[in-house]
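*Asks:* Listed below, chain by chain, are the residues.
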Amino acid sequence: MARSITTKQKAINTAVIWVLGLVMFFPIFWLIILSFKTESDAIMAPMEVLMSGWTMESYDAVNRRSDYFKFFSNSVIIALGSTFLGLLIAVPAAWAMAFVPGKRTKDILLWMLSTKMLPPVGVLIPIYLLFRDTGLLDTRIGLVFVLMMINLPIIVWMLYTYFKEIPVDILEAARMDGASLGKEVLYVLTPMALPGLASTMLLNIILAWNEAFWTLNLTSAKAAPLTAFIASYSSPEGLFYAKLSAASVMAIAPILIMGWFSQKQLVRGLTFGAVK
Amino acid sequence: MATQHSRASARLMISPSVLLLLGWMLIPLCMTVYFSFLRYDLLSPGTEVFTGWDNYYYFLTDPSFNDAVINTLSLLVGVLLVTVIGGIGFALLLNLPAWGQGIVRVLVIAPFFVMPTVSGLLWKNMFMNPVNGVFAHITLAFGGQPFDFLGQAPWESIILMVSWQWLPFATLILLTALQSLDQEQLEAAEMDGASWLNRFWHIILPHLSRAITVVILIQTIFLLSIFAEILVTTNGGPGTASTNLTYLIYVQSLLQYDVGVGSAGGVIAIILANIVAIFLMRMVGKNLDK
Amino acid sequence: MQPKKTITTALIAAFGFVTAQSAYAEDITIATVNNADMITMQELAPEWEKATGNKIEWVVLEENILRQRTTTDIATGSGSFDIMFIGAYETPIWGAKGWLTPLDDFADDKDYDLEDVFPLVRNGLSANGSLYALPLYSETSFTFYRTDLFEKAGIEVPTEQITYTEFAEMAAKLHDPENGVYGTCQRGKAGWGENMAFVGTVANAFGAKWFDMDWKPQLDSPEWNAAITYYVDLMKKSGPPGSSANGHNENRALFKDGKCATWVDATSAAGDVRNPETSSVADKTEFFKAPKQVTDKGTGWFWSWALAIPKSSQKVDTAKDFLKWATSKEYFAKVGEAKGWVAVPSGTRKSVEEDARRLEAAPFAKTVVDAILSVDPADSTRDETPYTGVQFVAIPEFQGIGNYVGQQVAAALAGTSSVEDALEKSQAFATRTMEKAGYIK
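Chains as they are written, first to last, in the numbering used here: chain G, 1 to 276; chain X, 1001 to 1290; chain H, 2001 to 2441.
Read the hints as simulated data drawn from the structure, not as lab findings.
Treat each hint with caution, since some may be false.
Not everything, but these chain H residues come out facing chain G in the computed CB check (under 10 Å) [stated by the list, open to error]:
hint	residue
1	2027
2	2030
3	2031
4	2054
5	2057
6	2058
7	2068
8	2072
9	2080
10	2114
11	2120
12	2321
No farther apart than 30 Å at their CA atoms in a straight line, the calculated lysine-lysine pairs in the DSS-like style are these [what the hints assert, rightly or not]:
hint	chain 1	residue 1	chain 2	residue 2
13	H	2334	H	2055
14	H	2311	H	2237
15	H	2050	G	222
16	H	2097	G	70
17	G	222	H	2097
The beta-carbon is built from N, C-alpha and C at its ideal position, and this holds for glycine as well.
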């Protein structure tokens, strides 16, 4: 900021953006508050809710009823597995598209993106039958594969736009200096590509973590991730706000925390080459 | 630098993703197209017979079909408007000098990390419920009559929920783009006496156009197949007020177990999505080449 | 799947020293709905696991999702589940298709005492003379009401079955939204197992029917119109806001929270509502019959939730062993001890309903059983019909039709569509479906 601004102006700005931030965050904040209340307190008017006592009983109840760790570890394996596998396949492709662009590169890229527009419900039965016949139903491998496939176009595209920003001249300069291909990749390219890789990875972990259609339909017990965990609390008998809140907090907390800690990295690459 | 050799290796590098995606797209697609010509009732396996275009006829004349198409498009347009306009606003505000920007940014992007199912349940129960929800408590406190969001304005409510989830994404991208804006150019314009609106219109907005395109493209991909939010909140109702194409296909193939009609719906949805896609790609392709 | 079992059996036969327990120590997967009775079962199940060495993987889902998951699984023969929690609608249809393992051998089991299960319930879970599921609880519908509010409003508690017209007058008198009490709470959330369960019984009372003897849909009849008009008016006048989103669970929560004066719903909720540990109106709730109108036939629905083993399961013996444990007399006694006899799953076993401990803890138990036993699913409409079932029609196509009509009724309730429009669309849809399925040309 080159311009100097008055403190008063800054104070007004501060107030405005804080109101914005709190409004956006309020639903999540409320979820967290309710999760520490008793069921009968949780449905009271907002002020009364805040004044009422705090308790961990909903978390206890949720833990007694479901094996949170099982769902959690499935989510982690599926989200990380599909992301890493996706990167493994996408990096070479994006690399080639960015540095050796052919006539049809753009078409291939756009075609890839268009496959993402396939409505999942339309192909559920075929996929379900294929999974049944290959024994992939309710397996983590199966889900890793499916989630990798649905996110692959986004991964390729993000990486492509990122790689394209890397100036080719630098590579050639390194080559002139006698760097071998291995060294070129290791010392010149990797550092430059790292932010893009990191943010692609983060975005895809988030997308895979939150994917609820395939994960719910292709699993039963063994591979069920946190989306299935939530489905068992969505409308139980009796009062359920507190338990639903506790379960929701448990389902979103890991990704929320990860997201917050890595938001700088996430943002840095989340531009899809859109900054220029 | 594109030698014959590097071309070949480039092709080799691209082919795994292309082949995988091709398989992922073609195999289920072919099966879907095949099913769409069968009378295929999931509850009577083994009785499939060829029925020609019947399934397409049934899907296209389904009383919910028109509503579903309109809803799909209105959700798309509605959420895009809210998130793009809101996102530009948020980005401009967050870009102003203020205390605690980092924390505010963290608060603003939080909704993007929330699972769609959780977001649906959260809005439905804790906020929009006309008896126990926060909104109802607030209206009651002011002496008003609680509004039944999901009953009276189901589609608007879903647009609100979905916008809440995607606004952070738009804000993030637009904010990043905004930060790369040349400040000196802005200041020069200010010196020349350009009003704020003028500066916004002639400098800021053109600078953001690429980022806006990206926001529209990515969101369109996800918005066309919004499903979880509808499933956990309104189940497509009341009536067909909140049924979109994805949900209608779900109803056909998994609630009525008519895989044939559901598949025909899938094919139609793919065609419609591709029409939108072509339209979009034109726009993006141009904008991205700049 | 068969060969595997044969090999296991052969191995056991060949090496006699293998104990039965370890030979059958298996993991079974059970798909259930997330309601109170099943959650209790989940809490008690470790006992069975310890006793047998087997392990259970629970898949707990919300009712609509559960239905869709289990149906997809069983129809494609995927075998993801060894035991499914299904109802009186699915069991006969799936049984007849040969998708479920027949459970007739339970009849020979003296300890299990199948005769003890009410014949009405057994018949509801049978097809072609074979039993396909074992019931955990059964229910009909009756009216829950708040004694304190009736007294305050000076309304006399009916002793005979009243009409819906009288019921509406009552509800209007009790309606007091300023004090957070609504005259009546009824299901409005769309779904054949949700709003259509209640609406179906109202329609029966008004003399309506789903199909005539030629399977022609009758949704555009004046009877249906009268029933839906009544329902919409009732809810608009005396219902809570947002009725069209409330299902059984939502209403149960509202009632237990003291927000409803009356509620016509499942008898199986009585234990929960009368349980002081879970309900704030436990000592202020009593029951009377669900109202009638032009006829008293089919005014209370019939449903049971039961456990069945899909044919595609590869662990039938272990699954049967669990089924036996989970629906035995001993199990009900265990629930009684652990959760109180008021919370025991109701309406399936004569011996349980006559148990002194049950009668003491749940004085209403006899009312419930009498109500259930008075239902006749084969004769539930004023006019003759080709179908059985009170609130549903026992044909596979009904789910689709019921869901669609449910959506339309919910639209009429929310006011986004008129009753006439809703029924006209419903009739068109039902006709299409029946044509597609080949019932009518």
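*Asks:* Hints broken by the structure, by number, lowest first?
*Replies:* The structure breaks hints 4, 10, 11, 12, 14 and 16; every other hint is satisfied.
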